[in-house]
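Q: Chain by chain, the residues:
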Amino acid sequence: AQSVTQPDIHITVSEGASLELRCNYSYGATPYLFWYVQSPGQGLQLLLKYFSGDTLVQGIKGFEAEFKRSQSSFNLRKPSVHWSDAAEYFCAVGAGEYGNKLVFGAGTILRVKS
Amino acid sequence: DGGITQSPKYLFRKEGQNVTLSCEQNLNHDAMYWYRQDPGQGLRLIYYSQIVNDFQKGDIAEGYSVSREKKESFPLTVTSAQKNPTAFYLCASSIDLGGGNQPQHFGDGTRLSIL
Numbered sequence: 001a002q003s004v005t006q007p008d009i010h011i012t013v014s015e016g017a018s019l020e021l022r023c024n025y026s027y028g029a030t031p032y033l034f035w036y037v038q039s040p041g042q043g044l045q046l047l048l049k050y051f052s053g054d055t056l057v058q059g060i061k062g063f064e065a066e067f068k069r070s071q072s073s074f075n076l077r078k079p080s081v082h083w084s085d086a087a088e089y090f091c092a093v094g095a096g097e098y099g100n101k102l103v104f105g106a107g108t109i110l111r112v113k114s
Numbered sequence: 115d116g117g118i119t120q121s122p123k124y125l126f127r128k129e130g131q132n133v134t135l136s137c138e139q140n141l142n143h144d145a146m147y148w149y150r151q152d153p154g155q156g157l158r159l160i161y162y163s164q165i166v167n168d169f170q171k172g173d174i175a176e177g178y179s180v181s182r183e184k185k186e187s188f189p190l191t192v193t194s195a196q197k198n199p200t201a202f203y204l205c206a207s208s209i210d211l212g213g214g215n216q217p218q219h220f221g222d223g224t225r226l227s228i229l
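So the sequences go chain by chain: E and Z. For the first sequence, position 57 matches number 57 in this note's numbering, and the numbering has no gaps at all. For the second sequence, position 68 matches number 182 in this note's numbering, and the numbering has no gaps at all.
Next up, chain E with everything else stripped away, as it sits in the complex (with noise of 0.2 Å):
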């Protein structure tokens, strides 16, 4: 079965601090990937997907990821943190027979310090 892996439960960085967030995945096939952040109370919103072609995906806010197919990972990186980048994040497969249905890490809580 499809699963992911955050093995960061926490983590907290500097303002402009560079930031990495580790995202391991367990499929079969050719992965469809996602990040998403969430802010206290609020739904998810998506920072960027991977579907295939190049390994490393641009997203919004400044985000990057990098897909590692030899490592099963799927990484979220920012140069340069923001203390409005404190949330919550969430990296997810896309399961099923149409890749749609989202199996979803356990999430890593980011807190920003100044």
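Hints in this document: simulated from the structure, not taken from any laboratory. Mixed in with the good hints there might be a few duds.
Unchecked claim - Quick list of in silico lysine-lysine cross-link-like pairs, DSS-like style, CA-CA up to 27 Å: (1) Z:185 with Z:123; (2) Z:171 with Z:123; (3) E:49 with Z:185; (4) E:49 with Z:171; (5) E:61 with E:49; (6) E:113 with E:61.
Chain E is fixed; fit chain Z onto it per the hints.
A: Chain Z alone, transformed into the frame defined by chain E:
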């Protein structure tokens, strides 16, 4: 502005009571989904629907029911059979179910608590 509207934002349920969470979208999307979110567990799929009058069980459908009488609406009923209903419920939609390259758009959620 197109989007997904969930109501109410907060909902309280008494023991043995059914409650219905509303989800409306004006994105003209065919597919709609309900997820349950618990702390530290990510989101889990309850039900999904790809067209009107059709829906499928997700991973945790027990104790829940849905209907899809209109394209825009996909209400979720939490029945008394759901023994642990306290959670944050999220509704989502996508253009259709035919291909994983269509991201899901989410509403702002309903937080359900037991009195």
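Q: All hints, please: hold or fail.
A: Here is what the structure says about each hint:
1. Z:185 with Z:123: holds (22 Å)
2. Z:171 with Z:123: OK: residue 171 of chain Z and residue 123 of chain Z at ~24 Å, within 27 Å.
3. E:49 with Z:185: holds (26 Å)
4. E:49 with Z:171: Holds, at roughly 25 Å.
5. E:61 with E:49: holds (14 Å)
6. E:113 with E:61: holds (18 Å)
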